[in-house]
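Trainee: On the provided structure of chain A, position chain B as indicated by the hints.
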Amino acid sequence: MTFRFGRRGRQAPGFLWIPAVAVGLLSLAPVYYLAVRSTERGWEPWRDVAERSLWPLLVDSLQLAVVVVMCSLAIALPGAWLTVRTDLPWRRAWAVALALPLAIPSYVMGLAVVAALGPRGLLQDWLQPLGVERLPEIYGLPAATLTLTAVSYPYLYIVLRAALRAADPSIEEAARSLGAGRLRAFASVTLPALMPAIAAGSLLVALYALSDFGGVATVRYTTFTRAVFLEYTSSFDRSRAAVLGVMLGVLAVTVLMLELLARSRYQSRLRSARTAPSTPIPLGRWRWPATGYLAIVVLVSEVLPVFVLCWWLGRGIAAGTDLPDVRGPLEHTLTLGLAGAAITTVLALAPAVLSARYGGFMARVVEQATFIAHALPGLVIALALVFFGIAYARPLYQTTWMLLLAYVVLFVPNALAALRAPLLRQDPHLEDAAASLGRRPFSTLATVTLPLARPGASAAFVLVFLTIVKELPATLLLSPPGYRTLAGVTWSTSSEAFLGSAALPGLLIIGLAALPAAVLAWRGDDESIER
Amino acid sequence: MTRVSNASLLEVRALEVHYGAVRAVAGAAFALGEGEILALLGPSGCGKTTLLRAIAGFERASAGEVLLDGALIESAAAHRPAHRRSIGMVFQEYALFPHRTVAQNIAYGLEQGPLGGVRRSQKARERVSQLLQLGGLDGLASRYPHQLSGGQQQRVAVLRSLAPKPRLLLLDEPFSNLDPALRHEMREQVGLLLRAEGVSAILVTHDRSEALGLADRVAVMQTGVILQCDTPERLYFGPVSPDAAALSGEVQYLDADGEGDVAVTALGRLRLREPGRAGPGRVLVRPDWIVPCADGVTAMVMERRVEGALTRLRVELETGLQVSVAAPSGWLAGLGETVRLGVAVAVPAFGMEGASPGSEIRDGD
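For the protein sequence lines, the chains are A and B, in the order given. Per the working numbering, the first sequence starts with residue 19, numbered consecutively. Per the working numbering, the second sequence starts with residue 61, numbered consecutively.
Any given hint might turn out to be false.
Per the computed footprint, the stretches of chain A lying under chain B, defined by three or more beta-carbons under 8 Å from a beta-carbon of chain B, are [unchecked claim]:
id : segment
1  : 452-461
2  : 490-499
From the derived model, a few chain A residues whose C-beta atoms are all more than 12 Å from chain B [what the hints assert, rightly or not]:
id : residue
3  : Leu46
4  : Tyr51
5  : Cys89
6  : Ala115
7  : Thr208
8  : Thr251
9  : Val271
10 : Ile299
11 : Ile408
12 : Glu449
13 : Pro473
FYI, nobody ran anything at the bench for these hints, they're computed from the structure. Glycine is no exception: its CB is placed at the ideal position from the N, C-alpha and C atoms.
Excised from the complex, chain A in its bound form:
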């Protein structure tokens, strides 16, 4: 009996479908349950939300997304171009440094922005002797923009870097041989070729800005996510939170669809590229201004948060205040990170193998199912899982298993993407070759496919670990009572307006996340060089 979901004739081993379909269903369950929960009380809460808060929230959320995308472009485009195409001094180091804000959670960045630039912040302290009594108001849109730009521009930067590396430099040379100057060649040939990548990366940043909860909450800017959280924690009736969650989900899925559209266009444009690296463009006297610009970016997005946290830690120690006990939270965060990364990577393996090595309709369905969950903000998934846990999974609710389940739903798509890339690069006939040499499907999987998945699996593990360590909303909503993580401690102490206590756990998070982030940035570079 042959059971074929896959491409004609190419049989995926049947036993792969069970975990793959399970992962797909798991990803859809919270979405489904959120929809059910939001309509449970009829249209009353919908009308209520639509009349009272929909428009202001929509305007404020989109406004933030647009401003953050523009600021990110202003950093990522020159950053990518300088580190890929020019003779910028230490460009390998800059390439990694510009990606490192990936290690800084948005709520830590928000905290640092407020502590540095807020009323009674560091800047105010320093300027006091000079007679400056009040700094301009920072809470709200300015702080939210600064915070989210600092933490989300790397996503755009990484996409642009890859696109620039893959884009054929000879088209720019062709333009120059036809009489275009350097600037015109870039503007008329390279930039248009990059447009789909710019669109895809910008939408990714927009999705981040719409989904982020910790950053906007610390700087008190109310977007959909913050509104959902406030409804959830403050009111007895949670159906309004569910309704807002659905609205945010629809918005996010729309953005992700646009992103997928843009991505499919730029991938088709990049296919031809397999060219020798071009000679770097000499910057001449522009090299120092360029270096200065990148230095400011790194200063604000990386040095500032670390410095502020250290400053507060030092003050706390000097003042003799009790430091929060971080040993327990550190242990919990490490446990969750390692276990979550391992489970997520293992679960992503079956769908990744099916979609990268066998293809076919069902593999696409499973992949799309996980990506819908990926579009939804962590807060929305967490909310859905709270409802789901209370209604159907009481024994799991408020256990670490529920939290791990949330991480799986949230991060399987990231793991899937990391696993797929190296698998796709291999000759599509390797499994056929093994079969023609007499190997059964299971044996082929064990001796050919899985060994080839190893580099992707380690990248997926590192990526998911890093993301779990930083994750806030699911951790807040789903942690068992009394089970404190670094993210949870940072969040709760910061909302008690005592930054001294938030400093140590915040620094630990950055410390845990920085190494994996650096490894990923460095390795991503190597891979594109090999191509």
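Mentor: Just chain B now, with coordinates in the frame of chain A:
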């Protein structure tokens, strides 16, 4: 050449393979004898690779049958999975396992157990070193595929598929990724390897000289249909249809009148390959069949182009008809010279009464 014994190893009967609504293979039928090498020749997209993959077990048949050693291995209802067919395959891009060394690649089909390598017997090791020697790859056993040249990778792919002594070996355009000089050399080497191992093989190619030079028999394929399956000699000198003629070599047709054993043409009275034809029709005269002949018709050389081993001439006959001639370069006919020409072989006729059925006449180019 190893000639074929009577028992057929592989039988393909009225095989059809569909891709959705597209019929990629339409009623293919042929048989392959023990030790025989068959080439599937045709333009890209003619269905030859699909036919090969259906024999290997990677595509499903929608009608017809494939039998190996008399046992049904593929039909619309039955399907023996690829790994239980004992049919080896050499892939176009070789599909070498990138995480295994040359020796480990070759040993792959000899390993036992689901995880492989668990029980590597002495016998398996001997087989690997024997094959490495046979392929001239002794020093490269512990290299990885990306450290090899294209020709070396190709030999590893062939040796890997030969290692478990398959009943039948399938080769999918095995030389198309090599540069022309190397391609010729590899063709010879692979031919020697196959015959040294005594393995039966089917080779898919779009290169005529590769098919004709390497195979015992050649099947020409077009739009999913096998037009003719014959020895290289019979295919080249006696194609059954203009399409088969065009796929197996350069074509040129002359108007002719059949008179029993001969046909009357502008090039004189030509011997017919199949006597007993009458009436108007056309005969195939490939450019390289025209040779200098003391009592032949006279012609003037109008164009002359040296292409290495061959010199291409365009000559005008007394009737005003121009024909093209591929002459050995040793035959020095200068531009404007008058030469006498004849045809060295018996020519196939199309469209005459009593000619092969279903032949359509088409102008050659």
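Trainee: For each hint, tell me whether it holds in the structure or not.
Mentor: We went through each hint and held it up to the structure:
With a cut-off of 8 Å between beta carbons, the segment 452-461 of chain A has 10 residues touching chain B; three or more are needed, and the interface restraint holds. Judged by the Cβ-Cβ criterion of 8 Å, the segment 490-499 of chain A is not covered by chain B as claimed, because only 0 of its residues qualify and three are needed. Every beta carbon of chain B lies more than 12 Å from that of A:Leu46, the smallest distance being close to 29 Å; the non-interface claim holds. Chain B leaves A:Tyr51 outside its interface by the beta-carbon criterion, the shortest separation being 38 Å against a cut-off of 12 Å.
At the 12 Å boundary, the C-beta of A:Cys89 stays outside the reach of chain B, the nearest C-beta of that chain being 42 Å off. Even its closest Cβ contact with chain B, about 32 Å, leaves A:Ala115 beyond 12 Å, as expected for a residue assigned away from the interface. With 12 Å as the threshold on Cβ separation, the claim that A:Thr208 sits away from chain B holds: the shortest Cβ distance comes to roughly 31 Å. A cut-off of 12 Å between C-beta atoms confirms that A:Thr251 is not in contact with chain B; the least separation is 51 Å.
Under the 12 Å C-beta cut-off, the non-interface status given to A:Val271 relative to chain B holds; the minimum distance is some 31 Å. With a cut of 12 Å on Cβ distances, A:Ile299 stays outside the contact zone with chain B, its closest approach being about 31 Å. With a cut of 12 Å on Cβ distances, A:Ile408 stays outside the contact zone with chain B, its closest approach being about 44 Å. Listed as outside the interface, A:Glu449 is inconsistent with that label: its C-beta sits roughly 9 Å from the nearest C-beta of chain B, within the 12 Å cut-off.
With a minimum CB-CB distance of about 10 Å to chain B, A:Pro473 fails to clear the 12 Å threshold, and the non-interface call is violated.
When the structure is compared with the earlier hints, violations turn up for hints 2, 12 and 13 and for no others.
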